[in-house]
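Line by line, the protein sequences give chains R and W.
Going by our numbering, the first residue of the first sequence is number 1, and it counts up by one from there.
Going by our numbering, the first residue of the second sequence is number 131, and it counts up by one from there.
It is worth saying that the hints were derived from the structure and are not from the lab.
Quick caveat: nothing in here was measured; it's all calculated off a predicted structure.
Where is the CB? At the ideal position from N, CA and C, for every residue including glycine.
Where hints are given, some of them may not hold.
Claimed, not checked - Some chain R residues near chain W, calculated using beta-carbon distances under 8 Å:
(1) 20
(2) 54
(3) 56
(4) 57
(5) 88
Stated by the list, open to error - Facing chain R, according to a computed beta carbon distance under 8 Å, are these residues of chain W, among others:
(6) 159
(7) 163
(8) 167
(9) 239
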Amino acid sequence: MEKIPILKMGDFLLVTIQVDMHDQMAAALQDDLTSKIAELNAKGVLIDISSLDIVDSFIGRMLANTSTMARVLGAATVVVGMQPAVAITLVELGVNLSGMRTALNVERGMAMLRCDVDNPDLDGAARGHD
Amino acid sequence: MVTTETVSVAAASDIVAVRHAVRRRAVEIRLSLVDQTKIVTAASELARNMLVYAGGGKVTLEVLHEGVRQGLRAHFVDTGPGISDLDLALRDGFTTGHGMGLGLGGAKRLVNEFDIESAPGIGNRVSITRWK
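Let's have the full structure, built from the sequences with the hints guiding it.
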């Protein structure tokens, strides 16, 4: 089965989803990512979904669950690059995205992750929920 | 004049094939990007429902021409167990599987027309339409 590559950059992991994932692929990514966080002691995860032209309830749930799992493992997650049409559709579909932090692009997402690492005390507050 | 196309759903990778077929037709009739995304997402939810609850089924796409108006309709037909309580099945958060219970209700919100017929023990037929 085709796998989504996970890149390590310092304390962070970068994932760029560039193919239309089928369900098993999305589930495998969730497993791989949580294993990699623990193995490499990552402090942050950036997931770029700018190439995805649809996110349905399954993929939406995978992204939200991955964010929660990463947090339990001590890593902050930011999902970046969601296309506006995808955001509109996800909200209308009714997917609960609480627990998932998003940023407009990779640059802003990286800034958020760096801010988390530099201010570990702010943790919950900086994330705007919990 | 109606153009039709059928896609079989028997495995998770077929859900992706359904999404691509719906996208292709939606682009063909020049639905807006948001409307394309909505009907592709609705189709993805319904195709997954067929796979999870009925073990698969068939998706038939129709490009509709009604006067000057064009639309895209997709029929999802399965021969699974059917649904015993449609009102309950359409409610958000209700699921008998492992999902979030957004498939039917969510898909309904994403399209202009939504029809469902269910015969317990025989199967389901769901139709969705997005007009341009």
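Against the structure, the hints:
no.	hint	verdict
1	20	5 Å, holds
2	54	5 Å, holds
3	56	4 Å, holds
4	57	5 Å, holds
5	88	6 Å, holds
6	159	17 Å, violated
7	163	5 Å, holds
8	167	4 Å, holds
9	239	5 Å, holds
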